[in-house]
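Colleague: If you want the building blocks of each chain, they are given just below.
Protein chains: 2
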Amino acid sequence: MPERLGPSLSKPLFERIALIGLGLIGSSIARAARHLNLAGTIVAVDRSEEVVARVRELRIADEATTDLVAGVKDADLVILCVPVGVCGAVAEAMRPGLKPGCIVSDVGSVKASVIAQVQPHLPQDVHFVPAHPVAGTEHSGPDAGFATLFHNRWCILTPPDGADEQAIERVRVFWSAIGSNVEIMSAQHHDLVLAITSHVPHLIAYNIVGTAADLETVTQSEVIKFSAGGFRDFTRIAASDPTMWRDIFLHNKEAVLEMLGRLNEDIALLARAIRWGEGDKLFDLFTRTRAIRRGIISSGQETPEPDFGRRREDKA
Amino acid sequence: MPERLGPSLSKPLFERIALIGLGLIGSSIARAARHLNLAGTIVAVDRSEEVVARVRELRIADEATTDLVAGVKDADLVILCVPVGVCGAVAEAMRPGLKPGCIVSDVGSVKASVIAQVQPHLPQDVHFVPAHPVAGTEHSGPDAGFATLFHNRWCILTPPDGADEQAIERVRVFWSAIGSNVEIMSAQHHDLVLAITSHVPHLIAYNIVGTAADLETVTQSEVIKFSAGGFRDFTRIAASDPTMWRDIFLHNKEAVLEMLGRLNEDIALLARAIRWGEGDKLFDLFTRTRAIRRGIISSGQETPEPDFGRRREDKA
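Top to bottom, those sequences are chains A and B. For what it's worth, the UniProt record's numbering labels the leading residue of the first sequence as 1, then goes sequentially. For what it's worth, the UniProt record's numbering labels the leading residue of the second sequence as 1, then goes sequentially.
One chain only, chain A, in its complex shape:
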């Protein structure tokens, strides 16, 4: 077990956990839960036969099945790790298998839409505690996961009004045990915060990579060759899972469009400063933005090493 993952529990937090969707996030939860003894039994459910077979090979769950209703049966905690666009359909489909009193959670990057989709399908005696671990890499699938993905990252819970306090607490303890810092806020506020810290950055990254690919005056090979000037930083998040991100934008439409509007206003000002040679305005902004990075580094959310510590064995 990796040193910094924390001690494993002497007694599991949940008798039986079902993870729906074994991509990067689902498979990382499975690995962490296994390492830390958070669950008596871990059940992996995925609609893909291939993923289920791979999960068995990787031995990251105790049981693996494509059968949703059978998979959630007797589970004390069910976590949806699927694209936010299908959360409602999955909730509806798994309903017949849910145990009375069980907790349903998720990991979606959008919360208001997920609540609106899932809540109506859940029986009264099932507790819904939406969650969003703010962590990930640009890679996808069950092989991409690892147990420390959530270590020292934040996990946001957005319990709807009237949610069961004990259920919230159990989900909080679960994510704390995994190594995350847990914060609770409203789904609406979450969606606004994530629009600027995650969704709009991804949209901008996808956009600039697309624009560069389409230029008629600069070849794609030139874009690739000279990407070390800054462009390549954007390509990382523009390599993230297309289905997941399509769904995020469609399901957090208002907040994304609002933040994008603000960004456009600011960029129009910057363009004007460049056009009119107003160097002071540029300099002021460029000085201010350094402080934010310092804050991110000192809070432990980023490495202080130059170039993200990109591997450079030959550094002198």
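Note that these hints are calculated values from the structure, not bench results.
Simulated pairs of lysine-lysine, BS3-like, Cα-Cα distance not exceeding 25 Å:
hint : chain 1 : residue 1 : chain 2 : residue 2
1    : B       : K253      : A       : K281
2    : A       : K73       : A       : K11
3    : B       : K99       : B       : K73
4    : B       : K73       : B       : K11
5    : B       : K281      : A       : K253
6    : A       : K73       : A       : K99
Got chain A; can you put chain B on it based on the hints?
Modeller: Just chain B now, kept in the frame of chain A:
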């Protein structure tokens, strides 16, 4: 000496090299030239007493001075490593010291403006070979440099019409010896290519970090906490040297505004796709952008490791 820096030369390429400006780039050239025996004598010239003192402490040059005219005296190769906005003034000021037949080069991220600034100040018998090593980190100053910064990166030469072929060849050999791949193109094309691969990405990064800092609905502490969702990637290049970047935008105005215009057109389309729920358009773009990253990785300009290989000692 680091393993992958290549063999040091048995005979220096230049008797005497003067580096003007000992920031990240200048001090990295000094270190590489020293390691690889590219120069009989390395002279460091910086207008800052503090930088000159630090260069002496670091022992990365044979001589260090604040006196520009004395510093370039007898040099066979003079490399301007200063912000592009002051290249003309530096060229004018150093002119009395330049040895007939010497080569003057630079490392500026903008080329047409630098040529227009520098060329008029150089005597007929001095050869100007503008260069741009496409490499860097977000750190600045003489302590930030390292000898392998340019290893496997591209260095673009943009010799003006009628430039001396032998001088071009000597600069090419210099950068090859440092470990760079060298490409020759026109200054105009360079400025267009770099606008999209470097300048606009920086502008966008500075802009999004600035917008996030100014929100009234999301606190700065929330932006910092939840930055692992993608935002933190942008903060790296938005922490680059403010003076250097102010000058780049002011001196590559047309190409930057042109590329920014295209970006804005594309983002308007994306915003419209989100507003109208056109998931297919989003999905198509998000799939296309993955291929560009694969190209950058397979060309050796980026690490294949997830998350840029950010240090995660506890990865399981």
